[in-house]
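Line by line, the protein sequences are chains A and B. Heads up: the first sequence at position 60 corresponds to 66 in my numbering, and the numbers run straight through without jumps. Heads up: the second sequence at position 584 corresponds to 997 in my numbering, and the numbers run straight through without jumps.
It should be emphasised that the hints constitute simulated quantities derived from the structure, not laboratory data. There's no promise every hint is true.
Calculated from the model, a selection of chain B residues having no Cβ within reach of chain A, i.e. all distances over 10 Å [as the list claims (entries may be wrong)]:
(1) P680
(2) T796
(3) T1133
(4) S1137
(5) A1144
(6) L1156
Covered by chain B, per the in silico footprint, the following chain A stretches (three or more residues, Cβ under 8 Å) [stated by the list, open to error]:
(7) 61-73
(8) 93-99
(9) 607-617
(10) 625-632
Note that the Cβ used here is the ideal one computed from N, Cα and C, for glycine as well.
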Amino acid sequence: MRKIALIAFWLLFAGIAAIAITLPISIQTHLVTAVLMLALMLLVKLFRLEGIWRLLLLAFGTALVLRYAFWRTTSTLPPISQIADFIPGFLLYLAEMYSVLMLGLSLFVVSEPLPSRPATKLEPDDEVPQVDVFVPSYNESEELLAGTLAAAKAMDYPADKLTVWLLDDGGTLAKRQSANADQAEAAQDRHVRLMALAAALQCNYLTRDRNEHAKAGNLNNGLAHSKGDLVAVFDADHAPSQDFLQQTVPYFARDHRLFLVQTPHFFLNPDPLERNLQTYDTMPSENEMFYGVIQRGLDRWNASFFCGSAAVLRRTALETTNGFVGKSITEDAETAIDLHAKGWNSLYVDRPLIAGLQPATFASFIGQRTRWAQGMLQIMMMKFPLFKRGLSMSQRLCYMSSTMFWLFPITRMTFLFAPFFYIFFDLQIFTASGGEFFAYTMTYMLANMIMQNYLFGKWRWPLISELYEYIQSVHLFPALFSVVLNPNKPTFNVTAKDETTVRSRVSEIGTPFFIIFLILLVGLGFTIYRLYAEPYKAEITLVVGGWNLFNLIIAGCALGVVSERKEARQNQRVRVDRTCQIRTPDGSWLEGAIVDVSSAGLGVRLRSSRSGVTKDSLSHLRFEPYSAIENPEMALDVRNVVTSENGTLLSCQFVLNTPNDFRLMADLLYANSEQWSERLNSKRINVGIIEGVLRFLWIALYQTSRGLSYYVRFGKTPAVKATRAPRASR
Amino acid sequence: MIRTLSSIAFVVLAGPAIAQTAPHFDMTPEAGLVTPGEAAPESATPVVVAESPAFVRYLLPSGDARLAGEVDRRNYQIYLTAAQVQAQASLSLGYINALVVAPESSRLRVQINGTTVLLNPIASAASIAKLEVDVPAGVLVPGFNTVTISADQRHRTDCTIESTYELWSDISSADTFLRFSGPRLGEVTRLDDIAAVGWTAAGNSVIRVILPAGSAMQHGALLADMVQSLALSMRVANSDVQYATALPSALEPGVLNVLVAPAGDLPGSIAPLAVDARTGPVAEFAPSGTNTLVLSGPDWDGVARALDEVRLVAEHYPQPDNSLPPRADAALPVRELDGAGTLSFAEMGFEGLSFNGRRYRTSFSFALPQDFYATHYGQAQITLNAAYSSDVLPGSRFDVFVNGHIASVTPILRTDDALRDLPLKVPMTDFHPGINTLEIVAALRTQADDVCAPGTVTVGADQRLLISSNSTFTVPDFGRASQVPNLSAFANTGFPYVDDAQPNLVIGSGEDSLPAALTFLSRMAGQTNRVIPIGAVSLASPSPAQDAIFVGAYGQLPPDSIQRIGVLQPYASDDNALEAGGGDLDEILQRWRSNGGSGDQSLVGRLQTWIAGVLDLGPNSLGILPPPDEPYAPRLSDRAVLLQTLQDEGGLWTMLTIPNATALKSGVDLITSTAIWPNMAGRVSVVPSDQSTIQVVEPNHVAFSTSDGWNFFNLRNVVTNWVSSHTLAYALGLCLVLVGLTLATAGVLGITRRSVK
């Protein structure tokens, strides 16, 4: 009863608001209203008010956005009789309305993100389900897999209840019997070595006859050969922390319809943008927004979805869909939507419990994103979530938000090219005066920025979304079209994560960015020329020219993204503090502390300033592992020694030869998920709109010049494959 | 601006000859015309004074007319009797033009019913040229004839757009007429031909009322009804009601004598009609040949019934669909728009054009309902189906004027020879109920004009602008809500008196008050095309619950009415307000406020005023509670003041008062002239002594009502307009609604929340 009353109450107010917002009021009234509401929004943001204030800010922002949409719809479209104006004008309008729709959906999703769940673990009396851990692999290196398998094996869970499976798709029978003799030999070699690795780490090795249905097929093969109640999936480069299962498995006992516990993907290295713009240490990473806010928002509506790795699933649920669903190339989300539609629940644990690797080069980054975008578009086309039976209304909206998001390349490209219609071809595709543009468009953009910053400021700085969208759009745009033309065509391409950036260069797929930049630059020139030559059009020229300039700034910044920096240190260090002992050349053990760890090595501080350890020597390390490892001692290659009055600082590289070495390395790097949380939190600072924009402008200015100079100095060169796995290289 | 220019030209040209005035010629300051003693240029045909009996029918119903700029035109509607059409007719036209008008490329043209009767170079800068041509047989028709006088003028030496403002030709009203040869052609014998009475050389239609002594006040309501009905039947806007005691001895052009009396009081000279009148109502012209209409009957009731026949005349005129019927001084049909609608230019009398000059102007009219309420938001749109020659430079533009106020400026951004639609957005800010006039001005720049080489000055080589008659004018859906006080609706539609309980007419105590009041009513009827049914005429203050119209000099109207309607003692001028106005400081302060000062001098008040100024908002749009409507203090020098106040008891009182009692007649004539009357607005409208701009005081408190119920869409439109003028109310209201929505959302989220355990 109370529920019905509340909903009626809500509908009443929503109705009144809708009527009030769609009154075609005078521009002055709109402007006064908009300024008042923006001021109130800023107050809420400034004092970081939460709870009901959050909803109020969103209500104000939404009202302003809707006022813009109403005005845009009723007053700005060119007359249909001017077909040359109308067609591009209408396309731009559609792109804007898509943005408004996406904003609405995302506001719904993040209207009230669930707070992080408290830490949990299996209690002594709890039933302990049998868990199968799947590590699917296609072409990853032995070293990479060794770390992941070692970490998986080291998870805190009763050993008799835990089975770790290496699901090797690189050594299938079909590959081993390939017509290409070289490939067949490589596959055979891989098959043999990985079997040995698995055996050494006490894991199960499994491969199959043919590579059918890519990753989904591989996982289903795993399902067919195992019997555990739960299935944990880790990508080959995603090493779990020791407490992964403790933090996830208990939920399955509390809800018998729970099919998924998803955890965030945490990365130890920067993505190409972070590396090339050198923002990794200060700015929140790209996926932060998704795993920090959006998944929590989705979780509130029981719509958190499977992201392919770092998750635990229930076998009985998967059996209802005959395993992982593989019609699209994003089998993860597809499986989740099917299971949600069958009434199963999902859950998201907002705590980094795995550590993985970002694609190292821009090209591989784009390759990964192409798969996601194509896959999500496939899902949208094949199982249009809004009408998918079995989903709740809120789940439908959430899935619409998740899948439609990937249409952004189309709008981003539209916004990029729209100013050209006026600047170069003199078409009037947006009929508004300068005053109207100011009163409606500027207030809309401000409201949008305030909302974005309020909602996502800790996880995403201003204009960074635009940059990420732009750098992906250039190559995703044609990829999306190929899906529309043939929804079944895209194939699963495994993202390469083993490339290195040993020399400065421009990405092999970077050329279009330079061409676009050039066109935008010409547009800027035209703008200036037209301001001078056609003063009677100055108002509209300034508006369109300003828009073009904005595009130019983003495109300039993107030049820096595709100009791959030479990176001395391939792997980022995680700060730790663990006591250890280092063996000196004379055989004695010195007390010290491990201060940081990366996938390649570690730093040790010795209290003694006269340790006797020298540069480029081999030493040994002993420490107390979190998990039970018989021989907690490993070899180290000392690469640098800095001696000061307070002690000695050693920079060492792992020497990973035996399974035990991998276990120790995994224990150092992955065992403690707390350190990852700290690192994420250290970057979760909302710099605010003004500082964020200024920072971005500064970055953009610098990166534009760096991008151009790279193009001149280095030119385009292909990526270099690492000779060793990144974890072992330095 | 135009006026300034022309009066300078006037002074320069007039020189020593200023004292010489031509006979019949009206030398008002507006006319700006002189007749220096120089010979007329050769091209003008000298007037041949006819010896034979003839009748002159003046053509300009508004007096002298100025055709200004490169193209201009006037359309008049002239009613002719069958006898006049049969007679031999000639057209005379007198004009004088600005010196800078180039004769070789400037033409004056007169068309009657579409046939060009006169086409003459414009070449009479020195004195009034008088042209005369025969009107071919068959051109004139019995009933209404459309006479169009148009000028196409080019500058002698200058190619700039600015120079086009120096171009003018003044048509002299006294010298512009149709002359019919033959005896007694000026006589009107049938009631149906009453519109053939026409007007005087000055453009006034005189209604001379002759009635038994002492009966005027007693039968004031009947007279009020009569003069309004006559104005409608004659289709004139400039009627002039006078009194006479004796029957006229001769026919005077433009004068209608009306003898109003029961049969017993009729003079013997019209005996046959008197006989008829004893048995029933009579509404016929006396056979005297002096255009004397006799309205009579057995008694005064019979006179009232005779009047019904006059009223029928107007109803018999052909009336186009959804249009106001044409008027003598506005021959084009005026379409009425009751809601959203699109009118093609053709429907508004525009026939399409091609133009080779620099500044093209065209205007047309449309009518809005009395409860039009949408001036604060929304835009009408003119979709101009036009082509421009490629000579036309971008940077040329269209200006749109609504009722004389600039409404929009639209640059022409693309020029080639293709016909294409150019939308001109026209804010509805200056729209008002009743007839609205829209003027489109194209200012065309070309390379050739910028260079202005000799030989290219006057002769435009090619057509530069082409406007198709299927261009359209679109009014969006608008709110319908009657408001009082609203002088704009009153002046332009007679609202609300035309369809309300009969208002009292209260007049001043002076002798000339009644003719002035009747002139006022008949002019208003002529302009609004509606009759206000007057209940009674009195000198005393009516009951405050009763609707009333007051006309009179300030000192002659009942003082309690003056006080109730809120008008203070007129004061001499701004400078010596203290001495002149008398009264205490409060009163002076009130005067100052009512003259436009902001009442609120607090910081918030000043901030509101500043923001309102920056955003071009009306006063009080940022206030929450409107201040009271203060009494108005006119200046003694003001020519006329019109006020409207809703009495607490329910009566709506409208007062036309003239501060200076000696100028009663001229004040009424001035404020009701067609150039000024449509601009009345707000709760107070004042014609200042220099007549420059009408001063308007907007009401702070308005009573709304509606005739056709508050359906959702109308309510939405009305609310939109209201909040567009009450900005802060909208802003705060929307915020409140959003707070409510937020609370509701929080509630709904609360019941659907998911546990994190």
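Tested hints:
1. In this structure P680(B) is separated from chain A by more than 10 Å, as the shortest Cβ-Cβ distance comes to about 63 Å.
2. Not every C-beta of chain A lies more than 10 Å from that of T796(B), the closest at about 7 Å, which undercuts listing it as non-interface.
3. Annotated as non-interface, T1133(B) brings its C-beta within 10 Å of a C-beta of chain A; the closest such distance is 4 Å.
4. Its closest Cβ contact with chain A, about 4 Å, brings S1137(B) to no more than 10 Å, contrary to its assignment away from the interface.
5. Listed as outside the interface, A1144(B) is inconsistent with that label: its C-beta sits roughly 4 Å from the nearest C-beta of chain A, within the 10 Å cut-off.
6. Residue-level check failed: L1156(B) sits 7 Å from the nearest beta carbon of chain A, not beyond 10 Å.
7. Residues of the region 61-73 of chain A lying with their CB closer than 8 Å to a CB of chain B number 5, which satisfies the three-residue condition for coverage.
8. With 0 residues carrying a beta carbon less than 8 Å from a beta carbon of chain B, the region 93-99 of chain A misses the three-residue requirement, and the given coverage is violated.
9. Beta-carbon proximity to chain B at under 8 Å applies to 0 residues in the region 607-617 of chain A; the threshold of 3 is not reached and the given coverage is violated.
10. A count of 0 residues in the region 625-632 of chain A with a Cβ less than 8 Å from any Cβ of chain B is obtained; the coverage claim is therefore unmet, three being the minimum.
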